[in-house]
Structures are given as C-alpha cells and as structure tokens.
Amino acid sequence: MNASLARDTILGLLADIAPEADLTRLADDADLRDAVDLDSLDFLNLIERLAEKTGVDVPENDYPDVRTLAGLSTYVERHT
Amino acid sequence: MGEFRMPTLGADMTEGTLLEWLVKPGDAVHHGQVVAVIDTVKTAIDVEVFEDGEVERLLVEPGTTVQVGTPLALLRGAEAPAETTPDLSAGAAPRPLRKEGTGISSRNEGPPPPVGSPAQPLAAAPAPPASPIVRHLAHERGVDLAAVVGHGPDGAVTRADVEAAASPAPPPETRAPERARRPAAAPRTSGGRIAASPLARTRAAELGVDLATVAGTGPHGAVTVADVEAATPIARVTPERAEAAVPSAPPDATAAEDRRAAMQAATGALMARSKREIPHYYLETTIDLAAAMAWLARHNEGRPSAERVLPSALLLLATARSVREAPELNGFYTEAGFEPREHVDLGIAVSMRRGGLVVASVRDADSMSVDEFMTALKGVAERVRAGRLRGSELSVPTITVTNLGDQGADLVHGVIYPPQVALVGFGRVVPRPWAVDGMLTVRPVVVATLAADHRVSDGHRGSRFLAALDAALQRPEEL
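So the protein sequences, as listed, match chains U and L. For the first sequence, position 51 matches number 51 in our numbering, and the numbering has no gaps at all. For the second sequence, position 453 matches number 453 in our numbering, and the numbering has no gaps at all.
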C-alpha cells in the first residue's frame with residue numbers, strides 16, 4: 001500500500017473515531033493526538049483499526065514514528 | 001414470577017421512557033441479556049435483565065414514560081432451582097460466578113431506595129450480548145446470532161463478527177433474510193397503525209418510505225428495519241448508516257444538541273447539589289510510575305494492538321483495588337448516613353467528543369485482571385461515544401475516577417457525585433525531576449488527587465488511601 005492510499009485510509013478511520021473533527025484542515029505534520037483531540041484510547045483504537053485494515057500493527061516501540069499523518073502513512077507504506 | 005422494573009440509570013434519574021422492547025412474551029431471557037431500550041434525558045440505553053426466565057407479559061408500551069421502579073414486564077422464573085439471595089443486603093449476599101471479562105452481576109446493590117432491577121441471583125451462563133444495531137445487521141444478513149462467536153467486549157457479538165459469519169451477502173433484490181434467533185424488535189400495533197418496530201418507523205421516516213407499502217417479515221408480519229431498507233433504493237445499509245439509525249436520536253442536529261444541553265444541565269445540577277451538600281476536602285500526591293510504565297511496556301511487547309493495556313487502565317484498576325483498603329471512600333451517603341459497600345463499582349468519567357461528561361460504571365472492577373479491565377474500559381468508552389451504554393453501566397458506582405489523560409492538566413480537584421463519598425483524579429503522566437537515594441533523576445510521574453466527603457472520612461484516612469494507591473502502582477505485577 002503506497003503512502004497516499006495509506007493516508008486516505010487513515011483519514012477514513014479518523015473520520016470514524018472523531019466524526020466531528022474537520023479533517024480537511026489536518027496538516028500532514030501535525031501531531032495527530034493534539035490536532036484531532038485523540039486521547040490514548042482513541043489513538044489505540046486508530047492503531048487497532050489500521051491493523052485490521054492494512055495488516056500493519058504498529059508496536060508501541062514505533063509510536064514515536066507515527067505521531068503525524070505523514071509519519072503514519074509512510075510507516076504503513078514501508079511495512080506493507 | 002419476577003418483575004422487570006424501570007431501573008435507576010443514574011443518580012439523578014427519576015423516570016425513563018421505554019423506547020423499544022427487544023423481547024416479546026414467550027421469549028426466554030438470560031442474565032445480562034439486553035431486553036429493552038430505554039430513553040433518559042441524556043441518552044438511549046440498552047437495558048439488561050438480571051435473571052434467567054421467560055417473558056410472561058410486557059406491561060408497558062414503547063413511548064411510555066414511567067417512574068423508576070415501575071414494573072415494565074413480568075418474567076416467569078427459570079425451572080431450575082436458583083440460589084436465593086436476600087434482597088439488597090450490603091455485602092451479605094453470596095455473589096454468583098461473574099461472567100468472564102465483565103462486571104455484570106446479578107445483585108443490584110444500588111443506594112437505597114432500591115433500584116429497579118430484581119436482585120435475584122442466577123446460575124446460567126448468559127447468551128452473548130449483541131447491541132440492537134448488530135442484531136438488525138444479523139437479521140438483515142440472515143445470520144443466526146446464537147451461532148456467532150463474539151469478539152467484542154464481554155464476548156459481545158460485534159458487527160465484524162456478524163459480517164464474518166455472513167456468507168457473501170446476496171444482492172438486495174434476491175435477499176430473503178432468515179429470522180435471526182434473537183427476536184427482531186417486537187411489533188406494536190395501536191389502533192389502525194401498521195405493525196412496525198420504533199426503529200423501523202424512524203428509519204422509514206428517514207428514508208421517506210411509506211410503511212404501508214412495505215411487506216413485513218418481522219414477528220406477526222411486522223415491518224422491520226431490514227424490510228424498510230429493502231424497500232428503498234438504498235439497499236445496503238453500511239455500518240455507519242446503521243449506527244445513525246438510533247431510535248432515540250432523531251437524525252437532525254437540533255435533537256442531538258437538545259440532548260447534550262439536557263445532559264449538561266443534569267450534570268450541572270448534580271454538581272451544584274454536590275457542592276451544596278457535601279463538605280469536600282482535598283488531598284493530592286505525586287506517584288512515580290517508572291515501575292508501572294516499565295511493566296506495561298513488557299506486558300504489551302509482542303502483543304497485537306487489540307490486546308495492549310493502556311496506562312490509564314492501570315491507574316484506574318489500581319484505584320479500584322486500593323479502595324478496598326479504604327472503606328470510608330467506597331459507598332453511599334444518604335439520609336440514613338454512610339453505607340459502605342464491599343465491592344467496588346468503579347465509575348469512570350468519560351468525556352464525549354462534542355462536550356459533556358458521562359460516568360459509566362464498571363461493576364466489580366476490583367476483582368478484574370488487568371486485561372479484563374482494559375477490555376471493560378474499551379467497551380465502556382466505545383459505548384459512551386456511540387451513545388449506547390448498557391443499563392448496568394449506568395447504575396450508580398460506589399466511587400468515581402476522573403482521568404484527564406495525556407492531553408490534560410497536571411491534576412484535577414474534582415467534584416464528588418452524590419450519593420458517592422469520594423472522587424479520585426489523575427492528571428497526565430509527565431516526566432519530572434525526581435529524587436532517588438539522594439540523587440536527582442527523571443521519572444514519569446502522575447498526580448493523583450482525592451476529593452472526599454468530610455462527614456465520612458478525614459485527611460488521615462484519605463492519605464492512607466493515596467499511600468495504598470501509590471504502593472499498588474509500585475507493584476504493577478500484582479495488579
């Protein structure tokens with residue numbers, strides 16, 4: 001899965017988790033948790049759903065690499 | 001013969017509106033099974049029954065508002081001899097085997113006056129729960145719910161489980177849904193109205209479908225949601241659309257806004273009452289979480305995300321365990337004075353995305369393992385956000401915790417929810433300078449606070465609780 005498709009997939013999942021968030025204004029390098037107001041449960045939920053959708057299950061050690069939309073998309077691309 | 005009564009679904013609730021029956025006379029029911037959808041001013045709730053038996057008669061029609069404690073249905077008890085338990089005696093009743101992974105139990109020791117659900121014990125293992133949305137999906141896909149293994153919280157059957165169990169869904173025109181074993185919403189007729197479930201009516205209104213033109217495949221030819229959807233050009237209901245069709249929440253934004261406003265008003269009134277009536281005192285302590293975070297990292301390593309445990313789960317569970325050592329913080333204060341409780345039903349303050357706070361109760365939290373509690377926590381958060389809490393989760397907790405989480409401030413001095421007598425708070429976990437053996441280092445720490453009722457406890461007792469909490473978090477492997 002390339003980064004662009006990964007990005008769209010992630011945005012779709014974010015829309016489910018944070019339906020009221022304006023994702024069109026989400027910058028690629030913005031901290032996801034801050035920008036979309038995700039608490040730890042929400043973020044874990046995102047990781048779980050992403051694993052279901054793409055088969056990429058981000059381990060806790062790699063969380064620092066996936067703080068942003070760009071980071072997470074690239075991570076998915078590299079691991080699929 | 002037992003009675004299923006309008007339960008108390010919150011300390012400030014005096015009445016509720018029955019929205020939908022999910023069983024009908026003649027249906028067998030099991031402990032923990034969701035049997036009705038009840039609307040309070042705040043939200044629609046899936047309400048469970050806490051005994052095994054058979055529905056004898058439904059006493060209240062959907063759409064009726066009744067006082068808490070009003071009998072809603074008559075239940076014929078199970079044939080097998082059940083252990084008898086004295087009603088609502090604090091701590092004396094033998095507690096039946098807890099269903100794996102959940103806090104659902106048969107006793108209903110809310111604060112006096114007695115809460116609605118009968119406190120009769122049961123022995124049988126409950127059928128896997130499934131929300132009305134999942135049931136409708138199962139009906140639509142021709143999936144027999146009783147044959148589906150549930151992978152959701154408490155072994156609940158999730159959408160994904162149903163979709164996995166369904167063979168490739170037939171195209172809408174040829175679809176002939178088998179009746180799922182669990183009954184679809186019971187039909188209601190009044191006067192000359194078409195027999196259709198409230199959910200089907202709402203969906204029909206949403207989709208602009210005239211009920212009179214729809215062939216009903218529900219019990220007694222009633223029109224079900226699946227029938228309505230099959231009748232429209234939008235033949236396939238996506239999970240997102242299904243989730244939107246909640247009987248209590250009309251699809252327009254104003255109704256949702258009204259609910260939020262009503263909810264905030266209710267919470268506000270409760271908080272005002274708390275400050276008027278409860279002489280609060282406040283304590284705080286900073287807890288070194290290095291051991292806890294290290295243990296968590298080891299626990300989660302190699303685990304798929306679905307099985308990982310979050311720090312907040314550890315903090316909350318440690319609270320539930322530690323409260324056992326501080327009985328003056330766990331129970332209810334009424335005109336009769338303070339009534340402690342042996343078990344710990346942990347209230348968890350969950351913030352809603354659009355604002356507002358809902359406290360969901362996790363029963364017997366102190367007896368759960370870390371993994372069980374994490375599952376319960378996830379389930380509760382998901383149901384709060386979806387606006388579909390279960391009745392058991394809205395019963396009054398014996399103590400509440402508010403956890404600000406990693407986006408929150410350093411600490412929180414909360415307001416106790418009457419009739420409880422304490423509120424535990426956690427700020428965010430942050431790295432801070434810390435002294436260890438006379439040397440300066442950096443540790444992840446969290447500030448834990450206690451707000452407590454001075455009529456029942458004092459600074460000394462409160463401090464001992466916080467010390468126990470600290471100690472519990474230094475030995476996370478024992479949690």
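What the hints contain is simulated information worked out from the structure, not anything from laboratory work. Backbone N, C-alpha and C define an ideal beta-carbon position, used for all residues, glycine too. There's no promise every hint is true.
Stretch by stretch, here's where chain L covers chain U in the computed footprint (C-beta under 8 Å, at least three residues) [unchecked claim]:
id, region
1, 17-31
2, 68-75
Quick list of the computed label-pair ranges, beta carbon to beta carbon [said to hold, decoys possible]:
id, chain 1, residue 1, chain 2, residue 2, range
3, L, Met-352, U, Glu-60, 26 to 32 Å
4, L, Glu-342, U, Asp-65, 29 to 35 Å
5, L, Arg-276, U, Arg-25, 17 to 23 Å
6, U, Asp-29, L, Asp-458, 34 to 40 Å
7, U, Ala-15, L, Gln-264, 24 to 30 Å
8, U, Asp-65, L, Glu-277, 48 to 54 Å
9, L, Arg-76, U, Ala-51, 44 to 50 Å
10, U, Arg-25, L, His-413, 20 to 26 Å
11, U, Arg-25, L, Glu-163, 30 to 36 Å
12, U, Arg-25, L, Met-352, 18 to 24 Å
Okay, the hints, checked on the actual structure:
1. 17-31: That given contact holds, which follows from 3 residues of the region 17-31 of chain U lying within Cβ reach (below 8 Å) of chain L.
2. 68-75: violated (count 0)
3. Met-352(L) / Glu-60(U): 26 to 32 Å: holds (27 Å)
4. Glu-342(L) / Asp-65(U): 29 to 35 Å: About 47 Å separates the Cβ atoms of Glu-342(L) and Asp-65(U), which means 29 to 35 Å is violated.
5. Arg-276(L) / Arg-25(U): 17 to 23 Å: violated (43 Å)
6. Asp-29(U) / Asp-458(L): 34 to 40 Å: The hint (34 to 40 Å, Cβ to Cβ) is violated, given that Asp-29(U) and Asp-458(L) are roughly 51 Å apart.
7. Ala-15(U) / Gln-264(L): 24 to 30 Å: holds (25 Å)
8. Asp-65(U) / Glu-277(L): 48 to 54 Å: With Cβ atoms ~51 Å apart, the hint holds.
9. Arg-76(L) / Ala-51(U): 44 to 50 Å: The hint (44 to 50 Å, Cβ to Cβ) holds, given that Arg-76(L) and Ala-51(U) are roughly 46 Å apart.
10. Arg-25(U) / His-413(L): 20 to 26 Å: violated (34 Å)
11. Arg-25(U) / Glu-163(L): 30 to 36 Å: holds (33 Å)
12. Arg-25(U) / Met-352(L): 18 to 24 Å: Holds, at about 22 Å.
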